[in-house]
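Chains A and B are the protein sequences, given in the same order. By full-length UniProt numbering, the letter at position 222 of the first sequence is numbered 222, and the numbering carries on one by one without gaps. By full-length UniProt numbering, the letter at position 89 of the second sequence is numbered 89, and the numbering carries on one by one without gaps.
Treat the hints with care, as some may be off.
[Claimed, not checked] DSS-like cross-link-like pairs, simulated, lysine-lysine; straight-line CA separation at most 30 Å: (1) K133(B) x K38(A); (2) K69(B) x K292(A); (3) K89(A) x K139(B); (4) K171(B) x K81(A); (5) K37(B) x K38(A); (6) K90(A) x K37(B); (7) K139(A) x K69(B); (8) K89(A) x K38(B); (9) K171(B) x K89(A); (10) K90(A) x K27(B); (11) K37(B) x K81(A); (12) K90(A) x K69(B); (13) K400(A) x K69(B); (14) K90(A) x K36(B).
Please keep in mind that the hints were generated in silico from the structure rather than gathered at the bench.
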Amino acid sequence: MREPGADVKYNIKDDDIIKGASFLTDDKIANVINEVIKNETGAKLRAYVDTCVHCGLCSEACHFYLSHDNDPAYSPAGKVKQTMGEMLKKNGNVGVEAIQRMSEIASTECNVCKRCSMFCPFGIDIAYIMLVVRRICNKLGISPKYIQDTENSHAATMNQMWVKEDEWVDTLQWQEEEAQGEIPTVRIPLEKEGAEIMYSVIGPEPKFRAQLIYQAAVIHKAAGVDWTMPATPGWDNSDMAMYTGNNEIMGRVKKAHYEAAMRLKVKKIVMGECGHAFRSVYDMGNRWLGWKMPPIPMIHAIEFYADLIRDGKLKIKKKYEPPVTLHDPCNVVRGRGLHEKARYIVSQTCENFIEMTPNREHNYCCSAGGGVINCGPPYTKTRVEGNKVKAEQLFRTKTKGAKTIIAPCHNCHGGIEDIVEYNGLHMDIKFFGDILYEIIEKPE
Amino acid sequence: MHTIYNFVSGPLVWASFIIFIGGTIYKLFNMGFLVKKKDVAVYAYASPYFGFRSIFRWLVPFSTLNMRKRPLLTVVSFVFHICVLALPIFVLGHISLINESWNIRWPHLPDPVSDAMTIIVIASCIFFVVRRKVMPEVKFLTETSDYLILAMVAAPFITGTWAYNQFAGYKIATILHMLSGEILLAAIPFTRLSHMIFYPFTRGYMGSEFGAVRHVRDW
Ligand code: SF4
Ligand code: SF4
Ligand code: SF4
């Protein structure tokens, strides 16, 4: 167990953090830290730092803390102490080695999932503090390599995965053709002005999970939805710049997204099953751009599917049989309170539902979120071993009979997949879209 | 001795109240302006309904998940805070002093009750010290100032019983009692004791964000 102030041998695993640091001097670090703290933070940070009574009550909220046998270095306030706390105490003079470690702590040992804010009596927003630390590190050029690459992709292409404009359109047409092989009338309407909804997805969907777009097309067809997708940048609702702390790029990406919807004159945006993208469109990107709430109505797939089922637009042929459990993604549950709607979909579509505990707004994060999975292979172990409690939670649910985990969030999906595999849990992981696609009455 | 007594029981009382009230107002205004200058969105998102919902929820024992998880600490924290806040206002000694000076009074606590409450405060402070010493997650966060704050809180209560029970040296204890109480009061706005002032704001803001924007509970 680490003691405060004890010498810790840092073993930085990330190329960019190491290389970036070689361009840094102590002065440069202090300047950037003080600049960000002085110019960009204010009452919130002050109040949080001054009010924290060092009670440690937030510790048990954090899966990293629980998964490391209650090592206080992983507790939420412990992470603040080692990062922002040091920066403030030393007026920014923390030195090169320490700032590297701070980048790692803020970017890979915290999922900014806000569970701890529900445990702290004062409602201190640790996630916010961690994001300020990430922003400082980003400005210093020591964000972890893989997530930095996605940020660069956002900046250059307005999507996360370096998808070129023609590749995007090609992928949609390819998925349309595939789907038409099954149901000849299915369309993926591109650039349809005045459609009811614009459907947006995250960059990795066309790149790695293109079948999800196929499935969405079938579901929309079955429900008779009037929808469209933009053929231009702005189709991607994801946002890793939000998580590296490059708010300027976050703002540009969100602007492109909202503007695509406005150009298409749709009534609302429906976004696929992703948590962080929802957070960026609903909560963070809009704020950066000066919108209190998103400038155009926007709903997450959970809400969309729940409404379609409630309105009788989707007919269920036969409920999904294997017993399912539901992982509540932080960003749409702690971030939008969609847990009951998700349960409604489950009740309408699945035969057998087994709750995992804790659940709803108290669910443990998957440990992939907050951009941690996007920090790539150097940190796979950090997040998988840092979430032993999730494995135990899943295992308990499995012993009650659950076979399939529904995870309506891309990052959760990936994170849980890794946890399931690493711990040999042998459970299936599905999106709501997968389940619906399987069980609805399909059009001719 | 007499002059010290007069000084501590006269001008210093005034000074400490002025510092406490003035400091609190200063801190609040300062924070308010800072919010306006740097975090103006806070005003936009503040929701009275959800803010107060959260503030009150967190003032009711065992009404949040974390409180239920730690029953002992919950009981100690609540009882401790109630005693610390109520005792100075309702203890007979204080009321009689005020009555002598200004001829106003309000109901006081029976002596055995105030005795018990004093012991509770002192015992709770010891409990918190032990907690800081033995629980790794608290120890990790603890700074010297955290012990100092606990000592500052405990001091007026320790010297208070001492003086009241007229143990040896109680005359000095009386002076120390007043002095430590004054220090405590004056320190509230300027130390981590200001959590007393800022609680409604940090909690209320988190309640607003969770309730009004995210449509979810924050407890
Ligand atoms: S991972 Fe979640 S619970 Fe842990 S410190 Fe970060 S925001 Fe808090
Ligand atoms: S629970 Fe809140 S006040 Fe206590 S240590 Fe954690 S952040 Fe600080
Ligand atoms: S990936 Fe999922 S569980 Fe993890 S932070 Fe995002 S929404 Fe939360």
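Hinted pair K90(A) and K36(B), Cα distance within 30 Å | holds (27 Å)
For the pair supplied as a hint, K89(A) and K139(B), is the alpha-carbon distance within the 30 Å limit?
-> Measuring from Cα to Cα gives roughly 18 Å; hence the hint holds.
Holds or violated: K139(A) to K69(B), with C-alpha atoms at most 30 Å apart = violated (40 Å)
Quick one, are K171(B) and K89(A) close enough, alpha carbons at most 30 Å?
-> violated (41 Å)
Within 30 Å, alpha carbon to alpha carbon, are K89(A) and K38(B)?
-> Since the Cα atoms of K89(A) and K38(B) sit roughly 21 Å apart, the hinted pair holds (cutoff 30 Å).
CA of K69(B) to CA of K292(A), is that 30 Å or under?
-> violated (36 Å)
Would you check the hint for K90(A) and K37(B), treating anything up to 30 Å between C-alpha atoms as holding?
-> Given that 30 Å is the threshold and the Cα spacing comes to 25 Å, the pair holds.
Restraint check for K133(B) with K38(A), where alpha carbons must lie at most 30 Å apart | violated (35 Å)
Are the Cα atoms of K400(A) and K69(B) separated by 30 Å or less?
-> holds (24 Å)
Are the Cα positions of K90(A) and K27(B) separated by 30 Å at most?
-> Holds. K90(A) to K27(B) sits at ~23 Å (cutoff 30 Å).
Given hint K81(A) paired with K37(B) - CA-CA distance at most 30 Å = Given pair K37(B), K81(A) holds - Cα atoms ~26 Å apart, limit 30 Å.
Verify the proposed pairing of K37(B) with K38(A), using a straight-line Cα cut of 30 Å.
-> holds (12 Å)
The structure shown violates the earlier hints numbered 1, 2, 4, 7, 9 and 12.
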